[in-house]
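Q: Each chain is listed here by its residues.
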Amino acid sequence: MSGEGARGGAGAIPPSTSAEEALERAEEAPAKESSPLAGLGGNSRLKALVPTLYIVFLMLPIYWLINMSFKHNNEIVSTFTLFPENPTLDNYRVIFGDPSWYGGYIDSLIYVVINTLVSLSVALPAAYAFSRYRFLGDKHMFFWLLTNRMAPPAVFALPFFQLYSAFGLIDTHVAVALAHCLFNVPLAVWILEGFMSGVPREIDETAFVDGYSFPRFFVKIFIPLIASGIGVAAFFCFMFSWVELLIARTLTVTDAKPISAVMTRTNSATGLDWGVLAAAGVLTIIPGALVIYFVRNYIAKGFALGRV
Amino acid sequence: MARITLDALAHSYSPNPTGPADYALKQIDYAWEDGGAYALLGPSGCGKTTLLNIISGLLSPSSGRILFDERDVTGLSPERRNIAQVFQFPVIYDTMTVAENLAFPLLNRGVERAEVDKRVSEMLETLDLTTQARRRARGLNADEKQKISLGRGLVRYDVNAILFDEPLTVIDPHMKWQLRTKLKELHEQFAHTMIYVTHDQTEALTFADKVVVMYEGEVVQIGTPEQLFDEPEHTFVGYFIGSPGMNILPGRIEGSTVTVAGRQIDLGRDYPAVEEPIEIGIRPEFVAVREAREAGTSGVPMSVRTVEDIGRYKIVRGEIEGGRLDAVIDESDSVPTSAAAVFDPARINVYRDSHLLRARG
Amino acid sequence: MDKPFDNRAWFFVLPVFVLVAISAIIPLMTVVNYSFQDTFGNNVFFWAGFEWYADVLASDRFRSALLRNLLFSAIILLIEIPLGIAIALCMPRKGVWVSVCLVLMALPLLIPWNVVGTIWQVFGRSDIGLLGRSLEFVGIDFNYGQSAIQSWIIVVMMDVWHWTSLVVLLCYSGLVAIPEAYYQAARIDGASRWKVFLHIQLPKMQRVLLIAVLLRFMDSFMIYTEPFVLTGGGPGTTTTFLSIDLVKMAIGQFDLGPAAAMSIIYFLIILLLSWVFYTVMTNFGVNAADRPEADR
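Chains as they are written, first to last, in the working numbering: chain P, 1 to 308; chain U, 1 to 361; chain H, 1 to 296.
Source of the hints: derived by calculation from the structure; they are not laboratory data.
What you are looking at is a predicted structure, and each value in this text was computed from that prediction instead of being measured.
All residues carry an ideal CB built from backbone N, CA and C; glycine is no exception.
There could be a bad hint or two in this list.
[As the list claims (entries may be wrong)] Simulated DEER-style distance windows between Cβ atoms:
1. P200/P with N43/H: 52 to 60 Å
2. S121/U with L53/P: 46 to 54 Å
3. E136/H with P87/P: 20 to 28 Å
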C-alpha cells in the first residue's frame, strides 16, 4: 500500500503559502491561556497578581498627588486625610489665573513641539541615507551619533549656556529645542533607520521606474509606509524633551521658562504651597497621559522598534 | 505506537456555537490505525491544524472524545500523551548544541545520562547529523533544524504518534524531496503512527498510505491516493487532487445514460433515478481531444483557449457547452483546429449535490 | 539588502551632522579647553596641563561621588532588570487588559523629572506624605532628610517607581514576538516552566534586554533632577551624585577648570562602562547581533 501512482502530482503543484503567511497562521493559532506562560501550569491568579500589585504601586504616589491638589495648604499641613475634607479648586485657579504659572506649560509645549518637528525633519533624510546607502564613514557616523545619547546632560549644562549666550539665544524656545536635539536626533535616526530597513528597496526602485521624483516618492509612498516608525520616534522625542529639566532650566530665565522650572520656583521664602505645587504637578502629568492614550496601540509594537 | 480513535469529535472556537458555521471542525468519527502514515490534506483554513492540535493535546475539543488505544486522553496534556509534533518552522533551543537539543526531552523525563547519550548518538546517526553534534543549533540551516525538531520527537521511547504541521514550509525546494524521503525512511524504520498535515498534494500523496481530505472543517474523504484519484467522493476532492484538477460539468442522468453538453453518453452502469440536475466529473487525463469530424457524435465541440506544454505532456484548456474543460494529451500529440472532446465513459463520475453518486449493483 | 555605495548620501546626513556637531563638538571643545587651563580671573587663561585632571581624580569629593554612582547604578540594575522581566512575564498577552496595563505602566515614564522628585517628596515626608505617615504609624521613624540609609532607600524606590516600566515594556515587546510554536514544542518536550524561561524566553529577549540594561545603566549613572529635587543631594552629601556635584561646581561655584576636567572624566567613564556592558552581553550566551531570520 505505497503512496505512488498519484499521476496527478507529477505536474504543477498548487501554490503554497509563503513562509511569512505560514508563520502568521502559526502565531495566530489560539493559545489556551493568554499569558506567555500559557499552558505550562502555574497559578494564573497568582500571575495576575504581580502586574496588579505593580500598577497599584505606580498609582499610589500619583493618587496622593491628586489628593493633595484638591486641598488647601493649611489642610495639608494640619490634618492628614485620604480624601480632601473640604475639596477645593483654588489651587488650580491659581495656576490658570497666573500667567507665570500657565505660561510655563505653554512654553514647555512650544519647545517640545519645535524640538520634535526639527528632530524628525533632520532625522528622516539621514535615516534614509543610512538605510539605503553605504558611504564614507557611515558606520563611524552612526556610532558617533549613538554616543551622544550617552552624554550626561550635566556635562553640557555650562557649555550650552555659553554657546547659546554667544548667539543671544538664551531664554528662547528655539534654544531649548535645539539643545534637546543633541539627545533626540540620534535616537530618532536610530529608530527611523530600523523601520526604514524593514521596507524593501524594491519599492523605491519601482517608484523611480514609474517616474516618481524623489521628493514625491518620499512624501507620497515612503512616509505612509513608515508611519508607525515616525509615530514611535515622535513619541520618544516628545517624551525626552517634555521631561528634561536641567538643560531647559539652564537655558531659560523667564520668557521660555518651562513649567518644571516654574515649579521649582515655588520653593520661596514664604514656604512651600503644597497645594499649588501638587496641582501644577497633576497638570504636567496630563499631556503625558494623553499622548500614551493615543499611541497605546503602538506601545508594545513600538518598543520592538522595528529592529529589536 | 497507538491506535488513535476520534469519537464524535468536534470543535468550535466560540463559546456558544449556534450553527455549523461556528464549528471549525465538524463532527468526525474515525480511527487511525497503529503505525500508519496518514496525511491530512486540505486548503488553508479547512481545520486540519485544529484537528492536529486536538490530537496532540495543545487544544481541547469543545465536544467529543479522543482515545489512544482504549484510553480516553481528551483531558490529558500533551506531555502526557506521548506524542511528538514538528511545526511549520524549526523549533530549536538556540542556546544549546545539536546534541543537547536532542537530549532535552529525555533529560526532562529523568532518563539516566548514559542512556541519554546512547540514544542521542543513535539519533544523530539516523539523521546524518553526527558531524554537527557539537555545533550551536542556531547556526544550522533550515532543513537541518527541522531534522533536529524531528529528532527531538523520535529520541523518546514512549512516542505514540508523530504529528507534522506542514513541516516543509520553510525548506528550500531542492531539500524538500530529501527531507520527505528521510521521513518515509524513518516511518519504515520506526513504524510510528505518523500524521502529516499539508496543503500540498504532492507531499500528501507521496508520503501517506491513507489521505484524509478536509474541506471547511469536514472530512470529505479518507482513502488511498489511488482511491482519491479515481473515485473522489466529493467534487472538492476531485478538484483539489490532481494537477490540473478534475473537470466538473453540469448534466442530467437517467438510468445508465448521462446527458452532458448536449450529448448523451452511455456509462454502462445503472444509476438510481435522480430528477434534479447533477454534475459529472472527469479527469483531464481521461479526456481525449480529437478532430471534430473524426470524433463524430461521441465528440463534444470544444473551443481551445490555450495549450500549456509541461514537458512530458500538454494541458489543453478550453470550453465546451456547459463550462470549462481541461484535457491532458501526450507531448507528441497536436491539437486539431476544430477540436472535439471525447470522454472515457468508464472514468466519468456522477455527483449529486457535490457528493459521489454510486451506481446500483 | 545589498546597499549601493554612494557618497552623495552625505547630503542627506548633512543636516543631522551639522546640528549634532554644533550641539556636541563645540561645547565639548569648550569643555576640553577649560579642562586644560586655569585662570586668575579677568578672563585671562593659561595652560595648566593635566593639573585639573590629577586634582579631580585625587579628590575625595570626586571619588566618593563616583562610588555613590557606581553603587546606585548597581542597585538599580539589580532591582529593575529582574523585576521588569518578572512583571513582563506575568502580563497578559491578549485581551483588553493589555492596553490598560501598558497605558498605566507607561505613565511614570512621561512625568517631568522634577515632578517625579516632587511626587516622592510629597509622598515620603513624614508630615504630609502617605508613605511617610504610614511608616510612622507602623513605628518606623522615617525622616529621609536626616538619615543616610533612608535617603538612599527613598531615592532607590523613586527610581524603581520611575523607570522599571521601561524595562517591562521592552521585555514585553520581546516576549510578545515569540511564536506560540516554541511554547507548544516545549510542552511536548516536557520542559518545566523554569526551563522554558531559561531556554526560550530569556534567549529571545536578549536583544531587548541589552537595550534595557544599557539605557538603565547610562541614565542611572547620569541622574540629576529627581534626586536633586527630592533630597537636594543630602543629607550632607549622601545622595550627591556625580551630576549634582558637577553642576554645583560648574554653575554654582563657577569652578571652570575642575568642572571641565570632571566632565571629561565623567563622559569617558560612561563610554567605557557602556562598552564593557555591550561587549559582555553580546558575547555571553547567544550572539545578539544575529538577525532573527537566522533561526527560522
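Q: Taking the hints in turn, state whether each one holds.
A: Checked hints:
no.: 1; hint: P200/P with N43/H: 52 to 60 Å; verdict: 58 Å, holds
no.: 2; hint: S121/U with L53/P: 46 to 54 Å; verdict: 49 Å, holds
no.: 3; hint: E136/H with P87/P: 20 to 28 Å; verdict: 25 Å, holds
Of the hints listed earlier, there is not a single one the structure fails to meet.
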